[in-house]
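K.L.:
Chain by chain, the residues run as shown.
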Amino acid sequence: MIRGSSRSVDWTIYLILSLIAFFSMAPILNTLAISFSGKIPAMSGQVYFWPVEFNLSAYESIIRDRNFFISFGVSIERVLLGGAINFVITVLMAYPLSKSAKLFPGRNVYMWFVIFCMLFNGGLIPWYMTIYSLGLLDSIWALVLPTAVPVFNVILLMNFFKGIPKELEEAANMDGAGPWRTLAVIFVPISLPALATVTLFSIVGHWNAFFDGMILMQHKENWPLQTYIQQLIISVNSIMNTTDPEEIKRLTNMSSQLLNSAKVMVSMVPILLIYPFLQKYFVSGIVLGAVKE
Amino acid sequence: MNNRSFIRHYHAMLLPGIAFLLVFSVIPMLGIVIAFQDYQPTLGIFRSDWVGWENFQYMFDLPDSRTIFINTLSIASLKIVVGMAVPFVFALMLHEVMNMKFKRFVQTIVYLPHFMSWVILSGILINLLSLEGIVNQFVQWFGGHEIMFLQSNSWFRVILVASDVWKEFGFNTIIYIAALTSINTNLYEAAAIDGANRFQRLLHITIPGLLPTIILLATLSLGNVLNAGFEQILNLYNPVVYQSGDIIDTYVYRAGLLEIQYGLATAVGLLKSIVSFLLIAVSYMLAARFANYRIF
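Note that the protein sequences, when read in sequence, are chains V and D.
Residues 1 to 293 in this note's numbering are what the first sequence lists, from first letter to last.
Residues 1 to 296 in this note's numbering are what the second sequence lists, from first letter to last.
Simulated from the structure, these hints should not be mistaken for lab results.
Since this is a predicted model, take the numbers as computed values, not measurements.
Don't take every hint at face value.
As the list claims (entries may be wrong) - Pairs of lysine to aspartate or glutamate residues, derived as EDC-like cross-links and limited to a Cα-Cα distance of at most 16 Å, are as follows:
| hint | chain 1 | residue 1 | chain 2 | residue 2 |
| --- | --- | --- | --- | --- |
| 1 | V | 220 | V | 65 |
| 2 | V | 162 | V | 175 |
| 3 | V | 220 | V | 138 |
| 4 | D | 103 | V | 53 |
| 5 | V | 39 | V | 60 |
| 6 | V | 39 | D | 132 |
Working from the sequences, and respecting the hints, build out all of it.
P.N.:
Below is the structure:
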């Protein structure tokens, strides 16, 4: 591409982009700095982007917080179990749905059913009552079974499967492989990037979900981590029925900003660990799903 | 050689997924009959009294329902407009960057908030916007009075839109960037030979090249005009800002699960589901007709 000679425009763009990047990170950096600061500076607003009176007391108290670790464990369990269920269901649904209606009569009926389930829902109350009547409250299954079918992932993988050359499958069939074997030996191995994308989608979804944990888990020890944080940090804000600054200060100080910052940071760690993969596969997945004709 | 006997295997493969959808999507759909009942948990669906349209009547008579409806529409529309414009401008700027390292560095940073939950981001925002938070430190530094951002009806929507942009703008540029790379580079070369300057090339090549994408995104966003962002608002609001920030979803949650008015909450939720469904169906049809876009 040929560029104009306008260096000053270039510099302005670099400057603006740098500022935007800085402001995107600033809230997280500020929270990180607070989490490593002393109690007094953290509470009195002296911390910007570098810890003041550096210490690890907040992190030490997290290590002693049994509930935090229990919730962390629930979240891990949920991600592993829910991710596995999502994976199996996605693969098993995407394959037959990627067949044409000629090869698989009934394909379109299934497709419309799946789409309808994605677009229409009975609303919160009937959904809650269904799970309640199944006796799933306070069980890990309440977090992984209602979310067992990730319709968006199914569509994404189905579109990917459609792009796989027919000859491959025909060759496998000639060699006597049935649908199950073809799926396991041909389709799954050559779809690894697409499978990585949908798996990451479901892992992030499970890790970040808090609302189902909040309404379906009545006992603290069953809360996933996001619900734990929601209940301990956010709910203080959400009950503030006052505009009196002194009262607000009192309520805010009841939930220690220092400790909360540290908890927020720790719960970000798993996402940060898989972030390089997220960036790589999510981007390709979004483009894959978006520019499909 | 596709064999007819394969078909029953296809059905078998779909069985588990369809079963889950039946239990967790279709059965709740049947539960919408509660909207027409004076539902009592102790009596259940089969023995609760039928009240016809009473729940809907009650809903329209509620003084809050106008506020909630207007809040939902205005917050969602603001988010749609700002949420499309910011990534657009950002993608255009990013497109001008020739230094690949710098480009990738900026992208890595701005994508990050997308992957964080609203719980985490709200935890950060509550810290940031508190009376001792860094934002108020700057406000005071410039000589202003400390502002109770999350307790202020005039600030609350601004915060909702701004924080939504913060979370999603980076990620939403992906689709524009994909569209930008598909613009034929010969066009730029030809324009440069004809003496078009940088701004003219932007105006006559880049923006027209992005137009189909913009139209497609605008059409699809129609399905979101009733989705003002439940998780975000639930984590940021409080009774003081119900007036400017209470939306249909948060109302259904409070009325249904906290105040146990099952019939009313189901009726409100049902109305929203139906309208949303129609809007999405229309937007998909428009997208299929005018942009040749199909998701399945």
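K.L.:
Kindly indicate which numbered hints from before are broken by the structure, ordering the numbers from low to high.
P.N.:
Hint check: 2 and 4 fail, others pass.
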